[in-house]
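Asker: Using the sequences and the hints, build the whole thing.
Convert by adding 66 to the 1-based position in the sequence shown; the result is the number in our numbering.
Just so you know, the hints here were simulated from the structure itself, not pulled from any lab data.
Ideal Cβ placement from N, Cα and C applies to all residues, glycine included.
Any given hint might turn out to be false.
To be verified - When the alpha-carbon atoms are kept at most 25 Å apart in a straight line, the in silico SDA-like pairs for lysine to any residue are as follows: (1) K74 <-> S158; (2) K172 <-> K106; (3) K188 <-> F84; (4) K106 <-> K188; (5) K85 <-> I200; (6) K106 <-> E70; (7) K77 <-> T87; (8) K188 <-> W173; (9) K188 <-> S72; (10) K171 <-> N150; (11) K102 <-> K171; (12) K171 <-> E145; (13) K77 <-> V153; (14) K77 <-> H201; (15) K74 <-> E97; (16) K172 <-> E145; (17) K85 <-> R196; (18) K172 <-> L187; (19) K172 <-> S158; (20) K171 <-> P80; (21) K171 <-> R196; (22) K188 <-> L170.
To be verified - Derived CB-CB ranges, DEER-like: (23) E68 <-> W173: 26 to 32 Å; (24) H160 <-> N99: 37 to 43 Å; (25) G184 <-> V153: 16 to 22 Å; (26) K172 <-> D148: 17 to 23 Å; (27) F84 <-> S202: 34 to 40 Å; (28) E68 <-> H201: 17 to 23 Å; (29) N99 <-> E168: 31 to 37 Å; (30) E68 <-> G184: 16 to 22 Å; (31) E168 <-> G83: 30 to 36 Å; (32) H201 <-> K171: 27 to 33 Å.
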Amino acid sequence: MEFEFSCKIVKYDPGEGFKNTAVIIFDFEIELNNFKDLVKGLMGSPFTIPIKSIDYIDNNVGKFSDFYNGEIISRASIEFYDLNGIVVSFRSGHIRGWVEDEELKKWEVRSVREFFDGDLLKNVILTNYRFGQIHSSLTETYHISINTSHEERR
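Answerer: This is the structure we're talking about:
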């Protein structure tokens, strides 16, 4: 099944003594039950644990230990193609995304690879937040750590 989604990149500075965090957010335009099925299909597991709201994420990524319950679910790997392209692979599937030039300019980088370079924690967030806001329906958000030992496409 194909679903529409947007890609957004964000970086967070969690404060003194913690690594900065680079995150790619996939915001799917689908209702909650289909979104849950999509996540379960990607993870290859019927057991998924949603986390806090996207507002909580926007304000607190990396600041609190309870945020990291996504590690119970799975880990993802990341590959880059072209300047704007990204593929995030999970246990049973992958998402191929595209980050707009405006997003890259906002972070003063020329490519998604450059955005994720450096000594950072790397994460992916899956959500249906925007759909829920537009249609006044329920949303969920999942956080998954990116496995940085995976060989990335150059």
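Asker: The structure should be examined with respect to each hint, and the outcome stated for every one.
Answerer: Results of checking the hints against the structure:
1. Simply put, K74 and S158 have alpha-carbon atoms about 23 Å apart, close enough for the 25 Å limit, and the pair holds.
2. Straight-line distance between C-alpha atoms of K172 and K106 comes to about 32 Å, which puts the hinted pair past the 25 Å bound.
3. Using a Cα cut-off of 25 Å, the hinted pair K188 and F84 holds, with the two alpha carbons roughly 13 Å apart.
4. A threshold of 25 Å between alpha carbons decides the hint, and for K106 with K188 the separation of about 21 Å falls inside it, so the pair holds.
5. The straight-line distance between the Cα atoms of K85 and I200 is roughly 34 Å, outside the 25 Å bound, and the hint therefore fails.
6. Restraint check for K106 and E70: satisfied, since their Cα atoms lie roughly 17 Å apart, inside the 25 Å limit.
7. For the hint linking K77 to T87, the alpha-carbon distance of about 5 Å falls within 25 Å, and the restraint holds.
8. About 16 Å separates the Cα atoms of K188 and W173, which keeps this hinted pair within 25 Å; it holds.
9. As the CA atoms of K188 and S72 are separated by approximately 18 Å, the hinted pair is consistent with the 25 Å bound.
10. Of the pairs offered as hints, the one joining K171 and N150 holds, with about 11 Å between alpha carbons and a cut-off of 25 Å not exceeded.
11. Our distance criterion of 25 Å between C-alpha atoms is broken by K102 and K171, whose separation comes to about 33 Å.
12. Distance check on the hinted pair: K171 and E145 sit about 20 Å apart at the alpha-carbon level, within 25 Å; holds.
13. About 18 Å separates the Cα atoms of K77 and V153, which keeps this hinted pair within 25 Å; it holds.
14. Taking the CA atoms of K77 and H201, the gap is near 28 Å; set against the 25 Å cutoff, the hint is violated.
15. Between K74 and E97, the direct Cα distance comes to roughly 20 Å. Compliance with the 25 Å bound is thereby established for this hinted pair.
16. Pair hint K172 plus E145 holds up; C-alpha atoms about 21 Å apart against a cutoff of 25 Å.
17. A hinted pair counts as satisfied when its Cα atoms are at most 25 Å apart, and K85 with R196 does not qualify at roughly 28 Å.
18. Distance restraint check for K172 and L187: the Cα-Cα separation of roughly 20 Å lies within the 25 Å cut-off, and the hinted pair is therefore satisfied.
19. For the hint linking K172 to S158, the alpha-carbon distance of about 32 Å lies beyond 25 Å, and the restraint is violated.
20. At roughly 22 Å between alpha-carbon atoms, K171 and P80 fall within 25 Å of each other, so this suggested pair holds.
21. Under the criterion of a C-alpha separation no larger than 25 Å, the hint pairing K171 with R196 is consistent with the structure, at around 23 Å.
22. A distance of roughly 16 Å separates the Cα atoms of K188 and L170; the hinted pair therefore holds under the 25 Å criterion.
23. Range check, E68 to W173: Cβ separation about 28 Å, and the 26 to 32 Å hint holds.
24. At about 22 Å, the CB distance of H160 to N99 disagrees with the hint of 37 to 43 Å.
25. A hinted range of 16 to 22 Å for the beta carbons of G184 and V153 is consistent with their spacing of about 20 Å.
26. The hinted range of 17 to 23 Å is satisfied by K172 and D148, whose Cβ atoms lie roughly 18 Å apart.
27. For F84 paired with S202, a C-beta distance near 36 Å keeps the hint of 34 to 40 Å intact.
28. At about 19 Å, the beta-carbon gap between E68 and H201 stays in the expected band of 17 to 23 Å.
29. At about 32 Å, the beta-carbon gap between N99 and E168 stays in the expected band of 31 to 37 Å.
30. Distance hint for E68 and G184: a CB-CB separation of about 33 Å, inconsistent with the stated range 16 to 22 Å.
31. Between E168 and G83 the CB atoms are about 33 Å apart, so this pair conforms to the stated range of 30 to 36 Å.
32. A hinted range of 27 to 33 Å for the beta carbons of H201 and K171 is consistent with their spacing of about 31 Å.
Violated hints for the displayed structure, listed by number in ascending order: 2, 5, 11, 14, 17, 19, 24, 30.
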